[in-house]
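The task is simple: from the sequences and hints, build the whole structure.
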Amino acid sequence: MKKLLLTVLCLACGMGSLTAQPAEVPFNGLITDASGKGIKARIDVKNSEKYTVSDRKGQFGLTDIAPTDTLTVRYRRTTHEIPVAGRSSLKIVWFDDNPSCDEDEQLVDFGFGYVKRREYTSSSTGLTGSEMIRKGFTDLQSAILALVPGVQLINGEIVIRGISSINSSSAALIVCDGSELRDLNTINIYDVKSVEVLKGSNMYGLRGGNGVIVIRTRSK
Numbered sequence: 205m206k207k208l209l210l211t212v213l214c215l216a217c218g219m220g221s222l223t224a225q226p227a228e229v230p231f232n233g234l235i236t237d238a239s240g241k242g243i244k245a246r247i248d249v250k251n252s253e254k255y256t257v258s259d260r261k262g263q264f265g266l267t268d269i270a271p272t273d274t275l276t277v278r279y280r281r282t283t284h285e286i287p288v289a290g291r292s293s294l295k296i297v298w299f300d301d302n303p304s305c306d307e308d309e310q311l312v313d314f315g316f317g318y319v320k321r322r323e324y325t326s327s328s329t330g331l332t333g334s335e336m337i338r339k340g341f342t343d344l345q346s347a348i349l350a351l352v353p354g355v356q357l358i359n360g361e362i363v364i365r366g367i368s369s370i371n372s373s374s375a376a377l378i379v380c381d382g383s384e385l386r387d388l389n390t391i392n393i394y395d396v397k398s399v400e401v402l403k404g405s406n407m408y409g410l411r412g413g414n415g416v417i418v419i420r421t422r423s424k
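Every number in this note's numbering is 204 more than the matching position in the sequence shown, counting from 1.
It should be emphasised that the hints constitute simulated quantities derived from the structure, not laboratory data.
Virtual Cβ for every residue (Gly too), placed ideally from N, Cα, C.
It is possible that some hints are incorrect.
Stated by the list, open to error - When the alpha-carbon atoms are kept at most 35 Å apart in a straight line, the in silico DSBU-like pairs for lysine-lysine are as follows:
| hint | residue 1 | residue 2 |
| --- | --- | --- |
| 1 | Lys-261 | Lys-241 |
| 2 | Lys-261 | Lys-250 |
| 3 | Lys-295 | Lys-241 |
| 4 | Lys-254 | Lys-244 |
| 5 | Lys-403 | Lys-254 |
| 6 | Lys-254 | Lys-397 |
| 7 | Lys-339 | Lys-261 |
| 8 | Lys-339 | Lys-241 |
| 9 | Lys-295 | Lys-339 |
| 10 | Lys-250 | Lys-403 |
| 11 | Lys-403 | Lys-241 |
| 12 | Lys-261 | Lys-397 |
| 13 | Lys-295 | Lys-403 |
To be verified - Each pair of labels, with its calculated beta carbon distance range:
| hint | residue 1 | residue 2 | range |
| --- | --- | --- | --- |
| 14 | Ser-373 | Ala-270 | 36 to 44 Å |
| 15 | Lys-250 | Gly-354 | 24 to 32 Å |
| 16 | Pro-287 | Lys-339 | 21 to 29 Å |
| 17 | Asp-387 | Leu-410 | 15 to 23 Å |
| 18 | Glu-309 | Lys-339 | 45 to 53 Å |
| 19 | Ser-334 | Gly-360 | 22 to 30 Å |
| 20 | Ser-304 | Glu-361 | 34 to 42 Å |
The structure is reproduced here in structure tokens:
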């Protein structure tokens with residue numbers, strides 16, 4: 205009888221371990237310039253839809269980052285790939301040529317303090333290539349104009365925020381896989397993985413003030 209009871213208890217414990225959900229693990233980061241001032245940057249998890257944006261203090265947070273993941277950090281027109289390399293946090297001092305990156309015990313201690321609601325996925329905040337194709341679009345420009353409210357084609361330029369000045373361009377900045385793009389029509393809609401439209405972004409400098417269209421292709 206004792207053996208039977210012990211067997212039942214063991215099976216119950218085993219079932220419990222099978223149904224238990226893994227807990228999310230926070231990954232906190234801080235990105236500053238050489239003077240220690242926080243900067244707003246976009247941080248993508250390479251080969252993933254997950255990304256976040258640092259706040260004005262340079263704080264950013266993600267969850268469930270693998271030791272082998274690589275973060276792609278974009279600030280203005282400069283992009284750097286930073287391997288996590290097993291670290292549990294990252295303190296980044298931004299230099300255009302070579303940012304310094306170190307683990308910081310204090311950042312780990314903050315737990316979910318930096319994560320909050322600043323973790324996103326491209327699929328939930330923009331358009332996917334498969335979604336645009338499913339709706340019958342055969343070119344990227346027509347899909348964006350039809351599916352994203354507020355985006356217009358004015359004098360041959362893609363405009364997100366309306367005409368800001370008579371003398372200067374109001375065209376949105378178009379970025380494809382980290383590089384500036386002049387014409388949406390040069391991208392095959394069947395190669396598009398996702399599109400995100402930002403009404404304004406300090407991450408891309410002054411050009412980002414007219415809005416940014418961020419395109420990721422399936423090759424990335």
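Consistency of the hints with the structure:
A hinted pair counts as satisfied when its Cα atoms are at most 35 Å apart, and Lys-261 with Lys-241 qualifies at roughly 7 Å. Distance check on the hinted pair: Lys-261 and Lys-250 sit about 24 Å apart at the alpha-carbon level, within 35 Å; holds. Pair hint Lys-295 plus Lys-241 holds up; C-alpha atoms about 12 Å apart against a cutoff of 35 Å. With a C-alpha separation of about 17 Å, the suggested pairing of Lys-254 with Lys-244 holds against the 35 Å cut-off.
With a CA separation close to 20 Å, the supplied pair Lys-403 and Lys-254 stays within the 35 Å bound. The suggested pairing of Lys-254 with Lys-397 holds, with an alpha-carbon distance near 13 Å, which does not exceed 35 Å. As the CA atoms of Lys-339 and Lys-261 are separated by approximately 40 Å, the hinted pair breaks the 35 Å bound. Taking the CA atoms of Lys-339 and Lys-241, the gap is near 45 Å; set against the 35 Å cutoff, the hint is violated.
Proximity of Lys-295 to Lys-339 is assessed by CA-CA distance (about 43 Å); at most 35 Å being required, the pair is judged violated. Straight-line distance between C-alpha atoms of Lys-250 and Lys-403 comes to about 24 Å, which keeps the hinted pair within the 35 Å bound. Taken as a hint, the Lys-403 and Lys-241 pair is honoured in the structure, with Cα atoms around 24 Å apart against an allowance of 35 Å. Restraint check: the Cα-Cα separation between Lys-261 and Lys-397 comes to about 31 Å, which is no more than 35 Å; the hinted pair holds.
Using a Cα cut-off of 35 Å, the hinted pair Lys-295 and Lys-403 holds, with the two alpha carbons roughly 28 Å apart. Roughly 41 Å separates the CB atoms of Ser-373 and Ala-270, a value that falls within the hinted 36 to 44 Å. Distance hint for Lys-250 and Gly-354: a CB-CB separation of about 30 Å, consistent with the stated range 24 to 32 Å. Evaluation of the 21 to 29 Å hint for Pro-287 and Lys-339 yields a failure: the beta carbon distance comes to about 38 Å.
The given range of 15 to 23 Å is respected by Asp-387 and Leu-410, whose C-beta atoms sit roughly 21 Å from each other. Taking the beta carbon of each, Glu-309 and Lys-339 are about 49 Å apart, inside 45 to 53 Å as hinted. In this structure the supplied range 22 to 30 Å holds for Ser-334 paired with Gly-360, their Cβ-Cβ distance being about 28 Å. The hinted window of 34 to 42 Å between Ser-304 and Glu-361 holds, with their beta carbons roughly 39 Å apart.
In terms of the numbered hints stated before, the structure departs from hints 7, 8, 9 and 16, listed from lowest to highest.
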